[in-house]
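Construct the complete structure from the given sequences, taking the supplied hints into account.
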Amino acid sequence: MRLDYPANIKIILVPCSGKVDVMHLLRAIQKGADGVYVVGCLEGTCHYNEGNYRARERVNHVRQLLEEIGIEGDRVRMYNLSSGEGPTFAQYATEMTEHIRDLGPNPLKNKGKS
Amino acid sequence: MIVAKRKPFDEIMEMLEEYKKVLVVGCGTCVAVCLVGGEKEANILATELEMARKLADNPIEVDSVTLERQCDREYLAELDDKQTDYDALISMACGVGIQFLAERFPDKPVFPAVDTAGLAVNQAVGWYEERCRSCQQCVLAWTGGICPVTMCAKGLYNGPCGGTNLGNCEIDPDQPCAWYLIHERLAKQGRLHHIKQIYEAVGWRDTMPRTLIQPGYKKPEKEEAK
Chain A
8 MRLDYPANIK IILVPCSGKV DVMHLLRAIQ KGADGVYVVG CLEGTCHYNE GNYRARERVN
68 HVRQLLEEIG IEGDRVRMYN LSSGEGPTFA QYATEMTEHI RDLGPNPLKN KGKS
Chain B
36 MIVAKRKPFD EIMEMLEEYK KVLVVGCGTC VAVCLVGGEK EANILATELE MARKLADNPI
96 EVDSVTLERQ CDREYLAELD DKQTDYDALI SMACGVGIQF LAERFPDKPV FPAVDTAGLA
156 VNQAVGWYEE RCRSCQQCVL AWTGGICPVT MCAKGLYNGP CGGTNLGNCE IDPDQPCAWY
216 LIHERLAKQG RLHHIKQIYE AVGWRDTMPR TLIQPGYKKP EKEEAK
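Keeping their order, the protein sequence lines are chains A and B.
Numbering of the first sequence is given in the working numbering, commencing with residue 8 and proceeding in unit increments.
Numbering of the second sequence is given in the working numbering, commencing with residue 36 and proceeding in unit increments.
In short, the hints are calculated from the structure, not lab data.
All the given hints hold, so there is nothing to weed out.
Per label pair, the in silico range of CB-to-CB distance: (1) Glu74/A <-> Glu235/B: 44 to 54 angstroms; (2) Glu53/B <-> Glu92/A: 48 to 58 angstroms; (3) Glu75/A <-> Glu53/B: 15 to 25 angstroms; (4) Glu46/B <-> Arg108/A: 33 to 43 angstroms; (5) Lys17/A <-> Ile248/B: 54 to 64 angstroms.
The list that follows gives simulated cross-link-like pairs (lysine to aspartate or glutamate, EDC-like), each with its CA atoms no further than 20 angstroms apart: (6) Lys89/B <-> Glu74/A; (7) Lys42/B <-> Glu74/A; (8) Lys75/B <-> Glu75/A.
Glycine included, C-beta positions come from ideal geometry on N, C-alpha and C.
In structure tokens, the structure reads:
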């Protein structure tokens, strides 16, 4: 399809979105990522039944944790699509990038060495 | 198992405000099983603290370690050398573990990261329901295996009270009446006569610290010098 999506997106492959842990998302922000999003399968279609639902819960948990810390929780998001939806993947990547640009850089970045 | 819930983050931040290097001490037993104070949760708290303090321009150095148990001396001993490197310790164990940690290192400030919430069963992942108040006067034999101390709002040993309402409790229509449940189960098992036995009210001996020594484990008393 030769679809374009923003070059700032760094993809980390996992076997199922249910593999994504709170610590993975939190560590990304701690290390200076401006935003992180999890792309899971469509709800109700998980091969492991509830992997993507678990991922959604964890994303919500991380959003709360970040708000408590004083960082915008909306820097972390969950998206769902099927593996056949290339254009939607590119669309979400663009949407997330624009959203994070609006929020600005990770506030931890200007706070010296981590 | 013993269950607990994480303290609000702001409360933990307040406790640690003046410290620059702290050790988060997780516990690998009950609180790890109930997903509040094991290795993973200790790492999450350490990361949260590190980020929040950095944002507040009051950086802190946080490490985390998870002991097998904090209610046993042999595991606390693992920290004997390590704890000297830190200004304070923050324990993710139940109230028992937190106190035992503080007792082991009396010169070191020890803070709780969780609120201990009782003895509970696991209904689903991350979902716990209290079943026992450790009253030391177990009547489950005569109540069909349903604890009236925990499940009845009044903790009655003899019930039901006048507040039982079509199977539910007067405090909340969604709260089942423990004594109704007891009646139903005993009736089903053909031993309803047990409900008629009268038991003395709970002694509430747990208002003072209790010591439990299992049979065969009492230390021999020292022989008096002759």
